[in-house]
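There are 2 protein chains.
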Amino acid sequence: MYAAPAMTDFVFDPPQRILLGPGPSDVPARVLSALARPTVGYMDRSYTDLLAALQVQLRGLFRTDNTETLTITGPGTAAMEAAIYNVVEAGDRVVCCVHGYFADRMRQMAERCGGDVTVVSADWGKPVDADALKAELARRGGAKLVTVTHGETSTGVRQPVADLSAAAHAHGALMCVDTVASLGGVEFAMDDWDVDIAYTGSQKCLSVPPGISPISFSPRAMDVVRGRKTPCASWFLDLLANLTVWERPNKYHHTGAVNLSYALHEGLRIIEEEGLGERIARVQRTAEAMWAGLEAMGLPLVVDAAHRLPTLTTVRVPDGVDEARVRAELMSGYGIEIAGGLGPFAGKVWRIGLMGASCSARNVLLLLTALEGALTEQGHGVSPRAGAAAASERLNAG
Amino acid sequence: MYAAPAMTDFVFDPPQRILLGPGPSDVPARVLSALARPTVGYMDRSYTDLLAALQVQLRGLFRTDNTETLTITGPGTAAMEAAIYNVVEAGDRVVCCVHGYFADRMRQMAERCGGDVTVVSADWGKPVDADALKAELARRGGAKLVTVTHGETSTGVRQPVADLSAAAHAHGALMCVDTVASLGGVEFAMDDWDVDIAYTGSQKCLSVPPGISPISFSPRAMDVVRGRKTPCASWFLDLLANLTVWERPNKYHHTGAVNLSYALHEGLRIIEEEGLGERIARVQRTAEAMWAGLEAMGLPLVVDAAHRLPTLTTVRVPDGVDEARVRAELMSGYGIEIAGGLGPFAGKVWRIGLMGASCSARNVLLLLTALEGALTEQGHGVSPRAGAAAASERLNAG
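One line per chain: the protein sequences are A and B, in this order. So for the first sequence, this note's numbering puts the first residue at 1300; every next one is plus one. So for the second sequence, this note's numbering puts the first residue at 1300; every next one is plus one.
Where hints are given, some of them may not hold.
[As the list claims (entries may be wrong)] Pairs of lysine-lysine, DSS-like flavour, derived with a Cα cap of 30 angstroms:
| id | chain 1 | residue 1 | chain 2 | residue 2 |
| --- | --- | --- | --- | --- |
| 1 | B | 1433 | B | 1443 |
| 2 | A | 1528 | A | 1433 |
| 3 | B | 1647 | B | 1443 |
| 4 | B | 1433 | A | 1528 |
| 5 | A | 1528 | A | 1550 |
| 6 | B | 1528 | B | 1550 |
| 7 | A | 1647 | B | 1550 |
| 8 | A | 1528 | B | 1550 |
| 9 | A | 1550 | B | 1425 |
| 10 | B | 1443 | B | 1425 |
| 11 | A | 1550 | B | 1647 |
| 12 | B | 1528 | B | 1443 |
| 13 | B | 1550 | A | 1425 |
| 14 | B | 1550 | B | 1433 |
| 15 | A | 1425 | A | 1647 |
[What the hints assert, rightly or not] Stretches of chain B that chain A covers, calculated by requiring three or more beta carbons in the stretch to come under 8 angstroms of a beta carbon on chain A:
| id | stretch |
| --- | --- |
| 16 | 1334 to 1347 |
| 17 | 1371 to 1381 |
| 18 | 1408 to 1416 |
| 19 | 1444 to 1455 |
| 20 | 1554 to 1563 |
| 21 | 1601 to 1610 |
[Unchecked claim] Negatives, chain A to chain B, calculated, CB over 12 angstroms:
| id | residue |
| --- | --- |
| 22 | 1316 |
| 23 | 1325 |
| 24 | 1348 |
| 25 | 1430 |
| 26 | 1433 |
| 27 | 1459 |
| 28 | 1461 |
| 29 | 1521 |
| 30 | 1594 |
| 31 | 1603 |
| 32 | 1632 |
| 33 | 1685 |
| 34 | 1695 |
No wet-lab data here; the hints were simulated from the structure. Think of the CB as a built atom: it goes at the ideal place given N, C-alpha and C, for glycine as much as any other residue.
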């Protein structure tokens, strides 16, 4: 009989961080408790009841009446693949609005499943222009899908969506929007903005552990999905098959992430208790206080105020400052996680998230104070307490 | 500002079941506690250290030295897609051994990603014959991949694997084995049996909640993956990109299921503490006791003793018995979950799982006693206490 290898000496005891990066965000104790409830089978009445409740909650979150609102058993990247692969067949024309790393990931996926893709781009840190999209749709003709990120996590841009949707529909295309870094923290109105496909992750503005991802498809999108000539390129993420799990009585497709469903339900209850509108207003107020503090410290924000995403802020690293060392000091001194830049922003920006439970006045004050210390230590002059004072003033004014 | 819909009245409080179906199995309190530890970021040192420890644990579980041993962020179905999609390109020849629902799912996936598939089949309840595979590989020539399920959850067959591997390699094909219902409960030796790709789920013999799935690729498989002419049909499950998360220092690909990784680590520690060999022996002994009990009650087992999977037993429903009513009574009376049949076995068999923490002498005795009651209530004569007595005798003899 096989002898298992000797026990690893590794003792795992994750620290209590303050997660102010691009996600995951801090998970409330209530949600962690819900996660640890007893696992039941996927045909258990308690679980199918939970799915029915989740569906109602998710429609409220997306602000949609879409019947086809569900979760994907995987991270936001799996939801992105489900969104794109279920619509795009080999040779289909797709126009991808690309203004950052994740918008570009949508393009890569549209190409991976055989789409004939063209791009409407904007510089990192700027939104995509609706007129540029209109021109590309007119030039090309016959586009089936337009893609964009609402909250672009790599740049901190909040992309206006309604005008892009109107342009897509004027040319007969579906509009697919990534709301991974925005839904539940920034206003998003799926039906009012006429969005056909939207998805998000659990671990950002919802403050639920990663591994389960809400997604919703409009009736117009479902007509396209049902009218495909070839099956979805992914078996696992095939929407029509996934939907059978959400019907009552349900059918087996795959085993859902049962405990993560518990946590998602609890995370959405917390949002319902606060009120989605109140939460969005609180995030905006808290972000504005942080922005005031950062600017008072002489740290320039990358994105102009009109397109700044409150849930993810990009800050330009001052000349002569070692950005990685600042992050390391925030982590070692205070357990605060912020992120560096991706792609063309690598080494040039910090990315600071104010998502879900991580978004609080106390975290903003602590971060600004800790940041002041880390910058001062590198000899970068910061007027003492200027950041915290400006943020406090703004918070008290609100 | 948008007003969220009124709070749902739904109160979620999942019951404590006894999960004796095809998975999920009962999750130990230790694992649920680990699941609820604080969420950290995917670049956190504590998390990357955890991944390194997990990789060592998973090599022990698969009994392999494969460097490319990792987890997929999704259910077993996602791991199945990762296994097949990363190898198969459009037009590649694939031979699928099909002897049940999940073996057939492998065939569907191989076709979905463009494989040119032929099938070697066996009747439900029987293993696939290695000679039949040899004949098909010789007849066809040029096969790139052979697929099979080791523990076929739909039928309760334990498929001998080593002979199939030898046949595949004699014809230059890779061997891919689904161990979702077997790994950690039934002997499986990836390197000794010369298996190139194997994967499992978390929620079966490992007794960890669903949503994270171990997978391993041999050097021979990696040569094929690295030598592809076209990229993997799935962006999300692209192995070479997924592997970057497991390198140190790691790179970002997607956000892993952080808390499920905690739980998987703890579940594997429990296996290490018991000893993998001891655990496999215990499962076998417990299953044999249950089989003795079921046979003493006059309930025929579908699979012959030589190929019976201890972790999942199929029992023929006696004539005149309403199988769904029996399952409903076990659930309502005792909170015991067992399953009905799939496909050609629907309405004809029960499927009883003895996986992970669910596999215990006390659960076997309770199940047999409860089953006796449910059958008696339908007027199906069972000799009183015959099942429990036969099982007890076997357990005491062991």
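Do the hints match the structure? See the list:
1. For the hint linking residue 1433 of chain B to residue 1443 of chain B, the alpha-carbon distance of about 14 angstroms falls within 30 angstroms, and the restraint holds.
2. In summary, the hint linking residue 1528 of chain A to residue 1433 of chain A is supported, as the alpha carbons are separated by about 27 angstroms, within the 30 angstroms threshold.
3. As the CA atoms of residue 1647 of chain B and residue 1443 of chain B are separated by approximately 37 angstroms, the hinted pair breaks the 30 angstroms bound.
4. Taking the CA atoms of residue 1433 of chain B and residue 1528 of chain A, the gap is about 36 angstroms. The hint is violated against a cut of 30 angstroms.
5. A hinted pair counts as satisfied when its Cα atoms are at most 30 angstroms apart, and residue 1528 of chain A with residue 1550 of chain A qualifies at roughly 24 angstroms.
6. Between the alpha carbons of residue 1528 of chain B and residue 1550 of chain B the distance comes to roughly 24 angstroms, so the proposed pair stays at or under 30 angstroms and holds.
7. A C-alpha spacing of about 18 angstroms is found between residue 1647 of chain A and residue 1550 of chain B, which places the hinted pair at or below 30 angstroms, so the restraint holds.
8. With a CA separation close to 37 angstroms, the supplied pair residue 1528 of chain A and residue 1550 of chain B exceeds the 30 angstroms bound.
9. For the suggested pair residue 1550 of chain A and residue 1425 of chain B, the alpha carbons sit about 26 angstroms apart, so the restraint of at most 30 angstroms is met.
10. Taking the CA atoms of residue 1443 of chain B and residue 1425 of chain B, the gap is near 25 angstroms; set against the 30 angstroms cutoff, the hint holds.
11. Our distance criterion of 30 angstroms between C-alpha atoms is met by residue 1550 of chain A and residue 1647 of chain B, whose separation comes to about 18 angstroms.
12. A distance of roughly 14 angstroms separates the Cα atoms of residue 1528 of chain B and residue 1443 of chain B; the hinted pair therefore holds under the 30 angstroms criterion.
13. Restraint check for residue 1550 of chain B and residue 1425 of chain A: the C-alpha separation of about 26 angstroms stays at or below 30 angstroms, so the hint holds.
14. For the suggested pair residue 1550 of chain B and residue 1433 of chain B, the alpha carbons sit about 42 angstroms apart, so the restraint of at most 30 angstroms is broken.
15. Proposed proximity of residue 1425 of chain A and residue 1647 of chain A is supported: the alpha carbons are some 16 angstroms apart, at most 30 angstroms.
16. Counting residues of the stretch 1334 to 1347 of chain B whose C-beta sits closer than 8 angstroms to any C-beta of chain A gives 12, which meets the bar of three, so the coverage hint holds.
17. Only when three residues or more bring their CB closer than 8 angstroms to a CB of chain A does the claim for the stretch 1371 to 1381 of chain B stand; here the count is 8, and the claim holds.
18. Residues of the stretch 1408 to 1416 of chain B lying with their CB closer than 8 angstroms to a CB of chain A number 3, which satisfies the three-residue condition for coverage.
19. Judged by the Cβ-Cβ criterion of 8 angstroms, the stretch 1444 to 1455 of chain B is not covered by chain A as claimed, because only 0 of its residues qualify and three are needed.
20. Counting residues of the stretch 1554 to 1563 of chain B whose beta-carbon sits less than 8 angstroms from any beta-carbon of chain A gives 7, enough to reach three: the coverage restraint holds.
21. Note: the stretch 1601 to 1610 of chain B has 0 residues with beta-carbon separation from chain A under 8 angstroms; the three-residue rule is not met and the coverage is violated.
22. Taking the minimum C-beta to C-beta distance to chain B, about 6 angstroms, the non-interface status of residue 1316 of chain A is violated against the 12 angstroms cut.
23. Some Cβ of chain B comes within 12 angstroms of the Cβ of residue 1325 of chain A; the nearest lies about 7 angstroms off, and the non-interface call is violated.
24. Residue 1348 of chain A, annotated as away from the interface, has a beta carbon of chain B within 12 angstroms; the closest lies near 7 angstroms.
25. No beta-carbon of chain B is positioned within 12 angstroms of the beta-carbon of residue 1430 of chain A; the least distance is around 28 angstroms.
26. No Cβ of chain B comes within 12 angstroms of the Cβ of residue 1433 of chain A; the nearest lies about 28 angstroms off, and the non-interface call holds.
27. Every C-beta of chain B lies more than 12 angstroms from that of residue 1459 of chain A, the closest at about 17 angstroms, which supports listing it as non-interface.
28. With a cut of 12 angstroms on Cβ distances, residue 1461 of chain A stays outside the contact zone with chain B, its closest approach being about 14 angstroms.
29. Distance check on residue 1521 of chain A: its Cβ is at least 21 angstroms (rounded) from any Cβ of chain B, clearing the 12 angstroms threshold; non-interface status holds.
30. No beta-carbon of chain B comes within 12 angstroms of the beta-carbon of residue 1594 of chain A; the shortest separation is about 26 angstroms.
31. At roughly 24 angstroms, the least C-beta separation between residue 1603 of chain A and chain B is larger than 12 angstroms, which holds for a residue marked as non-interface.
32. For residue 1632 of chain A, the non-interface assignment is confirmed: its Cβ lies about 15 angstroms from the closest Cβ of chain B, beyond the 12 angstroms cut-off.
33. Look at residue 1685 of chain A: its CB is around 28 angstroms from the nearest CB on chain B, clear of 12 angstroms, so calling it non-interface holds up.
34. Every beta carbon of chain B lies more than 12 angstroms from that of residue 1695 of chain A, the smallest distance being close to 22 angstroms; the non-interface claim holds.
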